[in-house]
Amino acid sequence: MSEHKFVRTEMLPEQTPPVSEVGVIGWMRANLFSGWFNSILTILSLLFIYYILSGVVPWTFQSVWNAGSLDECRQIMKATWGETHGHACWAVIKDRWLQLLYGFYPPYPYAPGATVGLPPSDAWLPSYFRPNLALVLLFVALSPVLFSNVSRKLLIVSAAYPFLMPWLMWGGSLWVPVSAALGFVILFAILKYGPSVMGSLVSVIVAVLAALAWWMVLSGYVTPVLADLMPIGLPEVQSRQFGGFMLAVLLGVVAIGLSLPIGVVLALGRQSDLLIVKSLCVGFIETIRGVPLITLLFVASVLLNYFLPPGTDFDIIVRVMIMVTIFASAYNAEVVRGGLAALPKGQYEGADSLGLNYWQAQRLIIMPQALKIAIPGIVSTFIGVFKDTTLVSIIGLLDPIGLSQGIRSNAEWNGIYWELFAFIAVLFFIFCFGMSRYSMWLERKLQTGHR
Amino acid sequence: MSDLATDLNIDRSKMQVSDEVAVEITGMNKWFGAFHVLRDIDLTVYEGERIVIAGPSGSGKSTLIRCINALEEHQKGKIVVDGTVLSNDLKNIDRIRSEVGMVFQHFNLFPHLTILENCTLAPIWVRKVPRREAVETAMHFLEKVKIPEQANKYPGQLSGGQQQRVAIARSLCMKPKIMLFDEPTSALDPEMIKEVLDTMIQLAEEGMTMLCVTHEMGFARQVANRVIFMDQGQIVEQNEPEEFFNNPQSERTKLFLSQILGH
Amino acid sequence: MTTYTDPPKESFRLSMLLYDTRYRSMTIQIVALMGFMLLAAWLISNTIQNLAALGKPIEFGFFTEAAGYDINQHIIEYGNQDTHLRASFVGLLNTLIVAVLGCVTATIVGVIIGVLRLSKNWLVARIMTVYVEMFRNVPLLLWILLAMAILIESLPQPSAFRGEDPAATMKLFESVAITNRGLYIPEPLFSRSLGDVHLLGQSSFRMDVSLDFLALVLVLVLSIFATRKVTARAERIQNATGLRPTTWYINLGLIVIPSTILLIALGFHLGYPELKGFNFQGGTHLRNSLTALWLALSLYTAAFVAEIVRGGILAISHGQTEAASALGIRPQRIMRLVVLPQALRVIIPPLISQYLNLTKNSSLAIAVGYMDITGTLGGITMNQTGRELECVLLLMLVYLVISLIISAVMNWYNNRVKLVER
Numbered sequence: 092m093s094e095h096k097f098v099r100t101e102m103l104p105e106q107t108p109p110v111s112e113v114g115v116i117g118w119m120r121a122n123l124f125s126g127w128f129n130s131i132l133t134i135l136s137l138l139f140i141y142y143i144l145s146g147v148v149p150w151t152f153q154s155v156w157n158a159g160s161l162d163e164c165r166q167i168m169k170a171t172w173g174e175t176h177g178h179a180c181w182a183v184i185k186d187r188w189l190q191l192l193y194g195f196y197p198p199y200p201y202a203p204g205a206t207v208g209l210p211p212s213d214a215w216l217p218s219y220f221r222p223n224l225a226l227v228l229l230f231v232a233l234s235p236v237l238f239s240n241v242s243r244k245l246l247i248v249s250a251a252y253p254f255l256m257p258w259l260m261w262g263g264s265l266w267v268p269v270s271a272a273l274g275f276v277i278l279f280a281i282l283k284y285g286p287s288v289m290g291s292l293v294s295v296i297v298a299v300l301a302a303l304a305w306w307m308v309l310s311g312y313v314t315p316v317l318a319d320l321m322p323i324g325l326p327e328v329q330s331r332q333f334g335g336f337m338l339a340v341l342l343g344v345v346a347i348g349l350s351l352p353i354g355v356v357l358a359l360g361r362q363s364d365l366l367i368v369k370s371l372c373v374g375f376i377e378t379i380r381g382v383p384l385i386t387l388l389f390v391a392s393v394l395l396n397y398f399l400p401p402g403t404d405f406d407i408i409v410r411v412m413i414m415v416t417i418f419a420s421a422y423n424a425e426v427v428r429g430g431l432a433a434l435p436k437g438q439y440e441g442a443d444s445l446g447l448n449y450w451q452a453q454r455l456i457i458m459p460q461a462l463k464i465a466i467p468g469i470v471s472t473f474i475g476v477f478k479d480t481t482l483v484s485i486i487g488l489l490d491p492i493g494l495s496q497g498i499r500s501n502a503e504w505n506g507i508y509w510e511l512f513a514f515i516a517v518l519f520f521i522f523c524f525g526m527s528r529y530s531m532w533l534e535r536k537l538q539t540g541h542r
Numbered sequence: 187m188s189d190l191a192t193d194l195n196i197d198r199s200k201m202q203v204s205d206e207v208a209v210e211i212t213g214m215n216k217w218f219g220a221f222h223v224l225r226d227i228d229l230t231v232y233e234g235e236r237i238v239i240a241g242p243s244g245s246g247k248s249t250l251i252r253c254i255n256a257l258e259e260h261q262k263g264k265i266v267v268d269g270t271v272l273s274n275d276l277k278n279i280d281r282i283r284s285e286v287g288m289v290f291q292h293f294n295l296f297p298h299l300t301i302l303e304n305c306t307l308a309p310i311w312v313r314k315v316p317r318r319e320a321v322e323t324a325m326h327f328l329e330k331v332k333i334p335e336q337a338n339k340y341p342g343q344l345s346g347g348q349q350q351r352v353a354i355a356r357s358l359c360m361k362p363k364i365m366l367f368d369e370p371t372s373a374l375d376p377e378m379i380k381e382v383l384d385t386m387i388q389l390a391e392e393g394m395t396m397l398c399v400t401h402e403m404g405f406a407r408q409v410a411n412r413v414i415f416m417d418q419g420q421i422v423e424q425n426e427p428e429e430f431f432n433n434p435q436s437e438r439t440k441l442f443l444s445q446i447l448g449h
Numbered sequence: 033m034t035t036y037t038d039p040p041k042e043s044f045r046l047s048m049l050l051y052d053t054r055y056r057s058m059t060i061q062i063v064a065l066m067g068f069m070l071l072a073a074w075l076i077s078n079t080i081q082n083l084a085a086l087g088k089p090i091e092f093g094f095f096t097e098a099a100g101y102d103i104n105q106h107i108i109e110y111g112n113q114d115t116h117l118r119a120s121f122v123g124l125l126n127t128l129i130v131a132v133l134g135c136v137t138a139t140i141v142g143v144i145i146g147v148l149r150l151s152k153n154w155l156v157a158r159i160m161t162v163y164v165e166m167f168r169n170v171p172l173l174l175w176i177l178l179a180m181a182i183l184i185e186s187l188p189q190p191s192a193f194r195g196e197d198p199a200a201t202m203k204l205f206e207s208v209a210i211t212n213r214g215l216y217i218p219e220p221l222f223s224r225s226l227g228d229v230h231l232l233g234q235s236s237f238r239m240d241v242s243l244d245f246l247a248l249v250l251v252l253v254l255s256i257f258a259t260r261k262v263t264a265r266a267e268r269i270q271n272a273t274g275l276r277p278t279t280w281y282i283n284l285g286l287i288v289i290p291s292t293i294l295l296i297a298l299g300f301h302l303g304y305p306e307l308k309g310f311n312f313q314g315g316t317h318l319r320n321s322l323t324a325l326w327l328a329l330s331l332y333t334a335a336f337v338a339e340i341v342r343g344g345i346l347a348i349s350h351g352q353t354e355a356a357s358a359l360g361i362r363p364q365r366i367m368r369l370v371v372l373p374q375a376l377r378v379i380i381p382p383l384i385s386q387y388l389n390l391t392k393n394s395s396l397a398i399a400v401g402y403m404d405i406t407g408t409l410g411g412i413t414m415n416q417t418g419r420e421l422e423c424v425l426l427l428m429l430v431y432l433v434i435s436l437i438i439s440a441v442m443n444w445y446n447n448r449v450k451l452v453e454r
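Protein chains in written order, with our numbering: chain A, 92 to 542; chain B, 187 to 449; chain C, 33 to 454.
A portion of the hints provided could be inaccurate.
[To be verified] PhoX-like mimics (lysine-lysine), calculated; alpha carbons at most 25 Å apart, straight line:
| hint | chain 1 | residue 1 | chain 2 | residue 2 |
| --- | --- | --- | --- | --- |
| 1 | B | K339 | B | K200 |
| 2 | A | K463 | A | K369 |
| 3 | A | K463 | A | K436 |
| 4 | B | K277 | C | K152 |
| 5 | B | K330 | B | K363 |
| 6 | A | K169 | A | K185 |
| 7 | C | K261 | B | K314 |
| 8 | A | K436 | A | K536 |
| 9 | C | K450 | B | K339 |
| 10 | B | K361 | A | K96 |
| 11 | B | K314 | B | K330 |
| 12 | A | K436 | C | K450 |
| 13 | B | K330 | B | K264 |
| 14 | B | K200 | B | K277 |
| 15 | B | K200 | A | K96 |
| 16 | B | K332 | B | K200 |
| 17 | A | K244 | A | K436 |
| 18 | B | K262 | C | K450 |
| 19 | B | K361 | B | K332 |
| 20 | B | K264 | A | K96 |
| 21 | B | K361 | B | K330 |
| 22 | B | K314 | B | K200 |
| 23 | B | K380 | B | K361 |
| 24 | B | K361 | B | K339 |
Source of the hints: derived by calculation from the structure; they are not laboratory data. These numbers come from a predicted model, not from an experiment.
Build out the structure end to end from the sequences listed, making use of the hints.
If you want it as structure tokens, here you go:
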């Protein structure tokens, strides 16, 4: 069988493939015109794209930006292009974009009730900087979580944010958030240094009691005194003045921020071996997930005050925040549970074998990993909640959709639909699409990190 | 030097090579995009031959055997399998695929079907064999690979070695003339490699034409009648196993053999 | 671990409740239960006090009072003198109608888009990606309002159909009128009708069910049963001879012919909508609210369904298709015998939870005035009677029951198709 004998003395060089395989032609042949069926699909798609663009592009770009009302818009269109259809009237956005973004958040709170008009002489900057700053700080506070290569010092901002954000948004004396934060400082200080003095169980009880005492009783005396001594504060803004995208973002951020710890607790409860704890958690999670958000918003708007002691009266925004938080915690609980389930069993056993107790194991070993796995899920819960905040327009809050209905009921802008819808849709799209891309990027990064 | 860990008494005299051509490849070239994976491949396989294809990873050896049953399309050159020219014609492809069996590195059993159903699926739907006959054939081959008792289990319930033997039985049920093996043992634990190799030796003894991409040099030495060494998408050296291992000609072959057998 | 000596008998100490593994979990559970019960008691007592102060004790008597409002889209007979209970029932049926319609169209559109997203045609795949991202990243409420606005603002008025040279014409051989007051489609009529059967007497849940319709369903069920027999026979022949007889035309005939005969016997004909005066008469009138909700719900959910379908098909490893091709099985058969049976296991559970989402999202009907259960029980009934607690809790209960039923179906399916692993 020596005929099979073969030795190559000189290696063959790499050759370029046939022209039809590479370059633009190869790509088109492989991706657009492989076979007659594909070619037909390509041509149909091109026609479809042309049809859509030929409607949308002129509407978007041959448009009116300067007009005081829809009628004026239409007159300008008639004068310029001869017909009123097929052209956008972006003047409404130019007129109302601040309202769509901030609702009735007073631009210059020094002049009470002012929503439009010239700034008063002593105002040097519109108070819109407050929600803007809150948003920027949100990203700073989140950056240690979002990007791994950020300085750990930023965690201080993260810790301060829950107190800083409400102060920026609602205003009032600086000492209110400071004293709320002080309660937590007391709590953690006793938890940290207490056990060496009085045993761990006692120190937990003492810490909670001390913090409660500070919040419920002591701070009530101390805060006003401090406020008198050093009156630092921002002008107050009422919740009912909140609106627009600011409201949507605020509801989303508050709901996700508060629901995450609750969700973690619920997920742990659902995973636990304790039957009663488990069934309580399952019952809660499944009930909330089984009903539409709108019914929970009904609870917020008509029932929540019934459930609270007589005489309590939260304003509607806070009630909505409570219910949206409850809603989001049930969904987050499921996401965190997925993260817990994805952890290899060895992690639990490893933690046990190190002699860590349940909470230590959770805090040091399990949760950091489970939450990392769960981040994409949490982001998509956030996207869902953020989109769902539009439902508050049904119970009369002025989110972008609620505002658009308000704008339409004005005499000047009566009958304007598409421009408002397009503006709101584009803003939501940018926000949600950005977040979903971020979560996909994160997922890829985590996948490679695990290997 | 790694030896083939088998208890079987390998009888090379049973492995006869005939003059009939099973596969003929002439001037075959293939590109992935702009990357030239297979360069001017010429190869004639006679019926009853056991060919082992070796080479570093990325040398194109898997792609070569995947071209033979049209799992990959080649751009230049000619492949003739059992007298049928491989072209884009579906009929030709069907005919070739029913003559050529293939075993994959990761078994690729159908997890939703039982072992028996895995083996009877293609005979029933492609060969149009009555079910009773298909089941008989399947049981025959399952007995041959020594797992008839697992017939009603699902792939997920079997070990890797068992799954790979089922995969071999599944291919055999189509009564192929040529078997292609694409690294059949690389995904297996060491103790399971033997059972799969035993099955392959048994096949060789029955005169099956086999093309194996494998790193099992013991198998190559004792079962193959020809070893082909590939590098950079081309056939660098081919020879009888004895010559190939004891007296490699090309520098690349020497380097490869010293890496794979040296330690 | 084996112990050679008995553990020393300890006398019970209070601290063992917390630190002894035997009692610890018990203690925690009892504390949790007590905490929960305290919370519940607190909420309930607050509620009772608050309601007492308002003079509204909890009772459901209002359900038997006359509702006094109209519901424009109802499939069972309803008038404003009917009770609140019946109004809620009509609402529930409306919820179910839009949910079922939505699920069906969302599945069809979603499957098409999901499969096209995997198309080898780059352009088609891109267009479908744009569709999915566009619908997923914009709130559903906006889509519903947009659909409603398109229907009302851009469709012709019924009066546009009048005159010698009308601005608008009816579509599909003069059978469908698309107007800004709604969609008028032909209605099925029977000239030799079997009549209706009245169910549930005079209660609020009474309904008339058309016997013609029942007969048609019965015949179809029988036909489907017959086709299964034919398929089973084909299978037997294939098992015996290896050759599968072609059955699709027999099956088609079995489905079409008996029902056609029945329809002819019942004198089936279509009642077309006609322009009379300023509006269309006759035919079935689909209100804009229903159409808008249906359209938006289906298109929105279809984006999610598409992702599920795409994910399900991608989840089947390439090796499966390769192995099947290597065995000589043709692409279409590979899809049916190898890919689909596996992909469906991946696809169906999330698909069912999308159905659940769609059903819950149908509560947004209230934004366009479609009278579903939220619009009736949680809307007008609640506002008219002032019974917020009863209405909202009952509303939540209704949705919860629907959700539980859907999850039960999902669990049943999951258990049935679970892949056998070691």
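Can you list which hints this structure breaks, lowest number first?
-> 1, 10, 13, 14, 17, 18 and 22
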